[in-house]
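The whole structure should be built from the sequences, with the hints applied where relevant.
Chains as they are written, first to last, in my numbering: chain A, 1 to 457; chain B, 1001 to 1245; chain C, 2001 to 2385.
For the record, the hints were derived by calculation from the structure and aren't laboratory data.
Among the hints, a few may not be true.
[What the hints assert, rightly or not] Beyond 12 Å from chain A on every Cβ pair, some chain B residues (computed):
no., residue
1, Met1001
2, Arg1077
3, Gln1084
4, Gly1147
5, Leu1180
6, Lys1211
7, Ile1219
[As the list claims (entries may be wrong)] Chain A stretches covered by chain B per the calculated footprint, using a threshold of three residues with CB under 8 Å from any CB of chain B:
no., stretch
8, 410 to 418
9, 426 to 440
[Claimed, not checked] Straight-line alpha carbon distances no greater than 25 Å define the calculated DMTMM-like cross-link-like pairs of lysine to aspartate or glutamate that follow:
no., chain 1, residue 1, chain 2, residue 2
10, B, Lys1162, A, Glu41
11, A, Lys403, C, Glu2296
12, A, Lys453, B, Glu1030
13, A, Lys45, A, Glu27
14, C, Lys2267, A, Asp392
15, A, Lys322, C, Glu2298
16, A, Lys130, A, Glu41
17, B, Lys1016, A, Glu41
18, A, Lys403, C, Glu2298
19, C, Lys2028, C, Glu2040
20, A, Lys403, B, Asp1208
21, A, Lys453, B, Glu1076
22, C, Lys2152, C, Asp2366
23, A, Lys434, B, Glu1091
24, B, Lys1012, B, Glu1076
25, A, Lys150, A, Glu41
26, A, Lys322, A, Asp161
27, C, Lys2333, A, Glu396
28, A, Lys453, A, Glu396
29, C, Lys2234, C, Glu2218
30, A, Lys272, A, Glu244
31, B, Lys1012, A, Glu404
32, A, Lys356, C, Glu2336
33, A, Lys333, A, Glu185
34, A, Lys299, C, Glu2040
35, A, Lys403, B, Glu1090
36, B, Lys1054, A, Glu404
37, B, Lys1113, A, Asp418
By construction, the Cβ of each residue, glycine as well, lies at the ideal position given by its N, Cα and C atoms.
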Amino acid sequence: MSKNMKTFEEVNYIVKSAPGFNKKLIEEISLSKREPDWMKELRLKSLEFFLKRPNPNFGVDISKLDINEIIPYLKPNAKKSASWDEVPEEIKDTFEKLGIPEAEKKVLAGVGAQYDSEVVYQNIKRQLSKLGVIFLDMETAVREYPEIVKKYFMHAVPPNDHKFAALHGAVWSGGSFVYVPENVEVPMPLQAYFMMASPGMGQFEHTLIIVDRGAKLHFIEGCSAPKYSVSNLHSGMVEIYVEEGATMRYSTIQNWSKNTYNLNTKRAIVGKDATMVWVSGSIGSAKTMLYPASILKGKGARAEHMNITYAGSGQHLDTGSKVIHLAPYTSSKVDARSISSDGGWAFYRGLLKVSKLAHHVKSSIECSALMMDNRSASDTVPIIEVMNNEADIGHEARIGRIKEEQIYYLMSRGLSEDDAKALIVRGFMAPIVKQLPLEYAIEFNRLVSMNFKSNLG
Amino acid sequence: MALLKISNLHAKVNDKEVIKGLNIEINYGEVHTVMGPNGAGKTTLANLIMGNPKYEITAGEILFDGKNIIGMPVNERAQLGIFQSFQYPEEIPGVTVRNFLKLAYDTIHPNEKMSIFDFGDMLIKMSDQLKIDRSFLDRYINVGFSGGERKKSEILQLNILKPKLAVLDETDSGLDIDALKVVAEGINNVIGPDIGILLITHYQRILDYVKPHFVHVFIDGKIVKTGGPEVAKELEIEGYESFVV
Amino acid sequence: MVMEMVMVRQATPAFYTPSDYKVDDAKKLGNFEWRKPFAEEYIETGFPKWKRLNLSQILLGKLKPYTGKFLSGNAQVLKTLDRAIEENLVKEFSNVEFRGAHPKFTLMSQAFFNAGFFSEIKGHGNVYAHYDLNANSTTIENSVVIIRSGSKAIVIREITGKGKLRVSATKFLVEKGSKLKFFNILIAPNTSLSVDSNLYIVKEGADVEVYDIILGSEKVASNHEFRLVEPEAKVKLTSAYFELAQERADLEYKLIHNAPKTFGRLKGNGVVGDEAYMVFRGNIDIPHESYGVDSEEEGYTLNLSPKARVDAIPSLNVRNNTVNARHAASIGKLDEQKLYYMMSRGLDKQMVMRLIIEGMFRPIIDAIPMKLVKRDVENGLFSRI
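Okay, structure coming up:
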C-alpha cells in the first residue's frame, strides 16, 4: 500500500485528443445522410457529451483505443471496405469450415458493398407490409417516419447515459428500424442481416424496435461467422420498447474478429404485462463490454436474460446483465454462463435493482463459469440492490472446471479427450445455445468445437 | 485366443497395494462373475481393465484379444471393444442420452454408421425391449437419475454399443426387484458368442437371473477360488469368511 | 467535552482542516514515537466518500485515555497495547499494512488509539475485552493478537453502550496448526459510527472461526480480511446482524486464498426492518498459484419492512481452475407457508417472527463460551424483536 494514500475519488482520464473529431465532421455526416435538423442536433449534443465524459472506470482496458483511427471511416465516401487480401487467414479459414457461401464471405469480411440479399428480403417485405409491420434501415426510417422515430430514438439510452452512448449518438450509421403494430404477431424472425448492405457497415448501427400492445416479435442480430472490419471499434446500440402485453425476443451472436473493441449498449423498456427475452452468445472480439438491460417499468413486466460467453486466447469479455424492477409484480430470470480458456478472461458483471415501489418482485440469477485451464481467468461481480421487502431474490454463482471424472466417463465410451471436453462444454452451454435460432446454434457449437480441435459436428 | 487374460497383476493406488497378484481368463461367449466382500478391490479390477489413470500397475499384464493394453488410454480401449458399466456414472449436463449414444456408437463402430433416423429407431426399439421408458433418451445423461435409472441407463448403453467385453461393476446394488429384473434382462440380451461378460457383484441375488459359467471369489486383492455356479451357492451358505486365507 | 464536527462532503487529496485530529493530539496519549509515523500519514489521507453509508459527517470527540478496565483473560502475554508498546513487545505486525474498512480509519487507530490490547497466546489462552461507550464516547482501539503454533485461543470482544465514535483496527496472526475462535460483538444502538477493521494472517493448517454479531450503531462499517497464506489454512466466518430504525451497515468480508489447498466459508445471515439499510460484500479471491482451493460464501437476509433496503455484492475472482468457488445470496421476507403453518398451531405473527429470528441467531449465541456475553447478545436481540 502506498505511503501517501490519496482519496478514493475516481481518477479522471483525459480523452485522447482527437482534433479531427469535431463539429464539422458530425455536420458532414449528417448532411450526407440527408437528415432532418433534429437528428443533426442530437448528434451535435452527443458530441458535446462525448468530449466531456471520462472513460468508464470499470470493464475492459480501452486505453489503446484511439478515436483518431476511426475518423476516416466515419467520413461519407470514405474507404469502407478492406480488400480480400487484407482479411486475416484465420477468418478465411473459419468461413471455409462453416461452409459460408462466396458472396456472403465478402460481406462478412467487409469487402465489397453489395450483397444481394434483395430476393429473400423482398419476399419478407411483402408479407410484412400486409401486416402493417415497418422494417427498414434506420437511416431511411429517420427520413420517412420522423414522428415515430423522434419519439423513441435515444430515449431509452440518452446520449448522456455514458461515454460510448454519446459516441454512438454522434456517429451512428445504419441499423434497423422495426415497428410492429398492435396485436400483430410477426410470423418469422426478422434479421439485422438484411440491412448489412446499408452504409455504416455495422460498426455504429442503431437498432430501434417498437413492439406495440399485444404484438410479438423475434429479432436476430449478428451472426456466428466471424466479422472482420477495417475499423476496430464496434459501438452499436439497440433500443427496444415492449408495450403492454407484447412479447419481444432479441437474439444475438457476435463473433467479431480478434482485433475488435465491441462496446455495445442494449436496453429494453418493458411495459405492463409485457415480456422481454434477451439471448446472447459472445465468442469474438478482443474486448467486449455488453450488458443487455431490461427496465421493468410496467406492472407485471417480465424479463429473461440468457448469455453465453466464450473467452479464448487474448480475449477479455466483460458481459452481464442489468435488470431494474421499477414496478410491482415484475419478475426476472438471468442465466449467464461463461467459458474461459487459453488465457481468456471472462468477467460477469450484473446489476439487479428492485426499487422502493416494486413490491412482489421475484428474481433469480444464476451464473456459472467454466475455466478450462489455469491460464484463464474468471470473475463474477453481481450487485444486488433491493429496496422493497416484498421481494424474493436469489442469486447463485459458481466457478470451476470440468471434472476429470466426466472426461474419463466420456472417454470410456470411445471419445478422444478433445472430443470429450468439447462435448462437455457444449453440454454446459446447451440450455442457452438451444434458445438461439437453429442455424446459429449449430454454428456456435461448431465454433466452440473448433477451439477444442474437435471435429464434433 | 482368450478375449481377456490377466496374469499376475499387481497394482496400487495412493501408494497402497490393492491388487496383489491377480489371474483371470475370459473367453468369448463366457459369463464370469467376481464376488467378494466390500473393500476387497473389486471395483479396482474393473477400473484397471477400463484404464483409469488413478492406478499404478506395478507388475503383470492385461491382454485383450492377445494385445497388451496396459498404458493404453481409456478411449482407445473403448474403441477396441471394452465397456464398463459404472457404479456411480457421471452426470453430464446438457448432453442427452440420445446424442451421446450416437456419438459413442459412431466412434466405436465407424464402419457401421447409421443415419440419425435409423439410430433413433434402434434406440426406441432397444428401450422398449429392455422396458426402459423412452423419455430417458432425451434426458441429460445421468442428471438427476435415481440409482435404478442410472443402472438402467448403463445397461441401455451396453446394448447399443455392442462391446466385446462388458465389465459390469455392481450393476445390481441398491436395486429393487423390478429394476433388478430389467437390468438382468438387459444383460441376458447381450450374452452371446461374440461377447464376454465380467459381472462384479457383492450379492448373489442377480445370479438368480443371470447364469454365470464361472464364479471367482475375490479376497484382498486377488482371486482365491475359481469354480462353477456351485461356488456361488457355497458363498451364500458359508459367507466370505470361509474363503479368507 | 467539546464535540468537534468535521464536515466530510468532498474527499480531496491531503484533506486537512483544523477540525481533524492533528499529529500533536497523539502526544497526550503516550508512546508518541510509535504513533508519530501513523499520525503523519493520517493527516495526509482524506476521509472516504461512502455513498452507501451516507457518511457526510463524523463527530471526532476529544481524545483522552480510556476510563475503566476493559481487559481480562488468561494468556501467556496479555496487556493493554500501551503497556505492550512501552515494554517493547509489539514487534511483529508493525510492518503489515492493511487498508481495513478504509486507510483513514486504520491509520486513526494506529495513531490515536486510546484503548486496545496485545496478547500472545501459547498453549491455551482466552481474552475478553469489553468496551463501554457510555463512559467512553470516543473509543479508538488498536489491538494485536499473536497465536503461536499449535495453540488454542478464544477471543471475545464486546462493545456496548451509547457513544459517538468507535474505531477499531485489530490484527491476528494465527500460526501453524493453531486455532482461533473470535467473537466480535457490537451491541451499541444509538452510537453514531462504528468502524471496525480486522486483519487475519492465517498460516499452515491453522483453523480460524469468527463470529461477527452486529446489533446496532447508527452507522456500522465492519471489515474482515482473511489472508490464507499457507496451505491447509482454514477460515470460517459467520455473521449475524439485525438492523432497525435508520441504521446503516456496510459489512465487508474478504477471503484471500494466497496458498493452495486452503478452505474458506463465509456465511452471513440477518434481518433488516424499519428503514434500515444493509450492504453485504463478500469477496473470494483465488490467484493463479492457488490450486485445490475450496471457498464458498452465502448470504441470506430477512427483510421485514418495505422501507428497508438490502444490497448484496458477492464477488468471485478466480485465476486457478482446480477450485470450488461458489457464492449464493438471497433476500426475502417471511415465508408465507411457514408463517401459516405456525399460526395454524396457535402462534401469532409476532411470535412466529420472534421464533424465526431467534432461530437465525441461536447457533451463534450457543457458540459463545461466556454466559454473561451470551445474555448480553440475547438481550440486545430481544429488545429489537
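So, going through the hints one by one against the coordinates:
no. : hint                  : verdict
1   : Met1001               : holds (23 Å)
2   : Arg1077               : violated (8 Å)
3   : Gln1084               : violated (6 Å)
4   : Gly1147               : holds (17 Å)
5   : Leu1180               : holds (24 Å)
6   : Lys1211               : holds (27 Å)
7   : Ile1219               : holds (27 Å)
8   : 410 to 418            : holds (count 8)
9   : 426 to 440            : holds (count 6)
10  : B:Lys1162 x A:Glu41   : violated (73 Å)
11  : A:Lys403 x C:Glu2296  : holds (18 Å)
12  : A:Lys453 x B:Glu1030  : violated (40 Å)
13  : A:Lys45 x A:Glu27     : holds (12 Å)
14  : C:Lys2267 x A:Asp392  : holds (19 Å)
15  : A:Lys322 x C:Glu2298  : holds (22 Å)
16  : A:Lys130 x A:Glu41    : violated (35 Å)
17  : B:Lys1016 x A:Glu41   : violated (79 Å)
18  : A:Lys403 x C:Glu2298  : holds (23 Å)
19  : C:Lys2028 x C:Glu2040 : holds (16 Å)
20  : A:Lys403 x B:Asp1208  : violated (37 Å)
21  : A:Lys453 x B:Glu1076  : holds (18 Å)
22  : C:Lys2152 x C:Asp2366 : holds (19 Å)
23  : A:Lys434 x B:Glu1091  : holds (19 Å)
24  : B:Lys1012 x B:Glu1076 : holds (22 Å)
25  : A:Lys150 x A:Glu41    : holds (12 Å)
26  : A:Lys322 x A:Asp161   : holds (14 Å)
27  : C:Lys2333 x A:Glu396  : holds (18 Å)
28  : A:Lys453 x A:Glu396   : violated (32 Å)
29  : C:Lys2234 x C:Glu2218 : violated (33 Å)
30  : A:Lys272 x A:Glu244   : holds (5 Å)
31  : B:Lys1012 x A:Glu404  : holds (20 Å)
32  : A:Lys356 x C:Glu2336  : holds (21 Å)
33  : A:Lys333 x A:Glu185   : holds (24 Å)
34  : A:Lys299 x C:Glu2040  : violated (56 Å)
35  : A:Lys403 x B:Glu1090  : holds (9 Å)
36  : B:Lys1054 x A:Glu404  : holds (11 Å)
37  : B:Lys1113 x A:Asp418  : holds (21 Å)
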